[in-house]
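Q: Respectively, the protein sequence lines represent chains A and B. Each residue of the first sequence is one higher than the last, beginning at 313 in our numbering. Each residue of the second sequence is one higher than the last, beginning at 18 in our numbering.
These aren't lab readings, by the way, just hints derived from the structure by calculation. One or more hints might be untrue.
Unchecked claim - Derived SDA-like pairs: lysine to any residue, alpha-carbon spacing no greater than 20 Å straight-line: (1) B:K127 - A:G371; (2) B:K127 - A:D431; (3) B:K127 - A:Q362; (4) B:K127 - A:H374; (5) B:K252 - B:H215; (6) A:K675 - A:E716; (7) B:K127 - A:G368; (8) B:K127 - A:K675; (9) B:K127 - A:F367; (10) A:K660 - A:R682.
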Amino acid sequence: MPATPPDIDLTTGFLNRSGGVHAAARAVADAEAKGAALAVLWLDIDRFRQINESFGHVGGDHIIAQLATRLRLALRSDSVLVRMGSDEFVALIPSLQLPMATRIGVMLLAEIERPLAIDNLLMRPSASMGLAVLEAGEDALSLLERADRAMIEAKRRGGNQLIISGDERLTGRLGVQLAREELAIEADLHSALESGCLTLEYQPLVGIDGRIEAVEALMRCDLPGRRLLPGKFIPVAEKTGMIVRLGEWSLLQGAQFAARLRDEGVPTKVAINVSRAQLTSRNFAPALQAALICANVAPALIELEFTESLFLDLSDIVQANLRSTWLAEVGIAIDDFGYGYSSLSNLKDLPASKLKLDSSFIKVLPEDRRAYAVVKAMAMLGRELGMTVIAEGVETAAQQAAVEGAAVDAVQGFFHARPMPEEAMLAWLKERTTHAP
Amino acid sequence: MPRAIPEFYLHSRPGSGNLNFKLIGEQISADVSLAAGLIKTVNSPYFGCRSRCRSVHEALLMLGLDATSRAIAAISLRQAFPGSAHYERFWQASAQIAALSGWLAQTVRKAGLRADDAYTYGLFRDCGIVILLRRFPDYVKTLDRANHEAERAFTDIEIEALPTNHSVVGALLAQNWWLPEEICLAIRNHHDRSAIEHFESGLPAASRYLVAVSQTAEHILQHATAGSYTEEWQKLGPSCMRLLGIEDAALAELYDEGAALIRSSQ
């Protein structure tokens with residue numbers, strides 16, 4: 313039975329959402345009756361909100377209509393095309409198995425990517441695409457939902473790609489819940505960056521001889537009535553790219569604290585964490601310099617901490633950024649060393665002056681003699697490379713004694729001090745200076 | 018310390034009885050550092066405002082005069098910028114560009130473009146220049162070269178002479194003051210033609226409008242005052258006009274209206 317006009321989207325001539333859901337049910341019933349395959353491709357145009365804002369809704373409709381034409385011309389005539397939302401399309405393609413459906417999906421992505429002229433501007437649209445192929449006994453809604461979820465994953469990975477249902481990193485109900493939680497955290501971070509809910513706390517690195525080696529800046533996000541834990545928000549910030557803004561914010565805040573410590577008569581290095589996204593950015597060196605200049609602080613009072621995983625891929629840009637850090641005379645520390653993939657060949661080539669041994673080795677001391685042997689060997693390695701060696705996560709007197717035995721240069725952990733707000737850190741440093749022998 | 022502060026503080030101390038919001042708002046807005054400090058203060062968690070404040074006017078409304086004057090007192094102790102006569106012209110130009118940007122935003126009417134944001138953005142857009150002037154004595158020469166560069170981006174000229182550029186410095190400062198994300202991004206990209214021209218650049222539409230509006234405002238100011246001519250309009254102007262939907266004839270009208278506004282504010 314032909315679709316009645318209320319089921320048709322006027323801009324594209326495709327079925328609208330409600331018409332599409334009915335058509336999907338019919339297509340599933342047909343496929344099951346014939347024992348044939350059925351593929352669903354769910355497309356979402358990337359950055360469509362921006363397109364609408366830039367060209368207005370009339371311009372947006374014009375673009376949608378052109379993209380719809382491309383889809384219609386590219387697909388077999390027995391395909392059913394649906395406009396599911398303002399910038400979302402679904403194609404129901406009968407008798408299509410997964411390998412061919414994947415090829416068609418990739419071909420559609422290329423079709424959409426062709427340049428499109430509007431208002432004298434040449435835009436290059438792209439889409440995120442999810443693909444699901446009907447499974448035995450599956451109903452239409454479940455099939456559509458799988459394609460939708462795969463599309464969302466394609467979008468999450470940066471768009472302009474095809475994800476096949478089942479290849480999502482997060483699957484099933486738990487996955488949906490996690491994805492929602494991540495979205496909520498992302499919204500919280502945006503709000504924190506505009507409402508002053510981000511702060512830095514500081515934890516000292518104390519030399520075996522008692523002198524203060526540095527204080528490490530640790531990011532905190534205190535929203536009204538609750539604290540968002542770094543273990544929750546840092547991974548989300550890394551996935552969404554917000555880590556660059558957070559990292560640059562930390563750079564300036566940390567540099568300003570270093571200037572304050574100097575002005576208050578307790579000059580101390582401030583160690584600031586740097587993410588992979590920052591280190592691979594062309595803006596890294598200008599942002600570092602901007603922070604030093606704004607805070608009016610000497611580079612010798614700043615140290616950047618990179619986790620060793622950052623060095624696995626020493627691309628040209630990473631090397632250039634490390635070189636400019638070193639040339640700027642800003643200290644470089646390797647964080648969490650020994651955890652994950654420690655590359656000794658990279659270690660010997662890095663211009664780092666500090667090696668921080670991962671807390672996973674320290675927390676099993678002093679009982680675990682094998683861990684002790686590793687700590688001792690890493691301490692020797694670091695020293696031979698001319699680095700200051702720090703043991704992270706020292707919580708007890710016994711652990712302190714053990715790392716002293718392993719000949720590290722300094723320690724960081726609850727045994728000496730917990731991370732504390734700026735004012736408390738300043739008071740702590742002044743107190744130690746006053747009572748220094 | 019900028020001259021506006023003691024005067025303003027004197028007139029608006031708690032209990033001084035001076036309740037001229039408009040006058041006080043204008044005085045604060047005319048001073049980039051004071052405006053910066055006030056907005057940062059209001060947006061800091063200590064004031065507990067649920068929504069974030071985007072302009073001096075909102076800051077005044079949110080805080081009330083007494084709280085504002087307290088905030089100002091604190092800010093005046095922690096001035097971010099030098100305020101000597103050397104920078105007076107810079108502050109004045111920033112204030113004029115900000116005012117014209119606010120007006121222009123209302124005139125062109127684009128979705129997502131707020132006049133308050135355009136005003137705030139105009140005030141802070143070039144604050145990085147002040148920091149660099151203070152740090153690098155020769156930066157004046159670099160600025161001169163960049164202003165007269167017809168082909169390459171302004172920031173490319175800066176980066177040849179300096180380890181950074183004023184857009185990055187300004188964006189970092191703006192984040193430090195908790196300014197809205199679209200304003201920070203606009204500051205960071207305000208000399209990048211491709212970011213204005215192509216929505217694929219990833220720059221939000223609101224940020225691109227802010228860049229275009231203030232660039233046009235600066236051009237109108239330069240046209241009206243025939244002063245401090247730069248090459249920026251030659252490089253960015255066509256993209257800005259396309260984005261804002263301004264035709265040549267409309268620009269001619271904007272010259273006249275802008276000039277009248279500038280005269281009326283003097």
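Q: Output the indices of the hints that this structure fails to meet, ascending.
A: Violated hints: 8, 10; rest satisfied.
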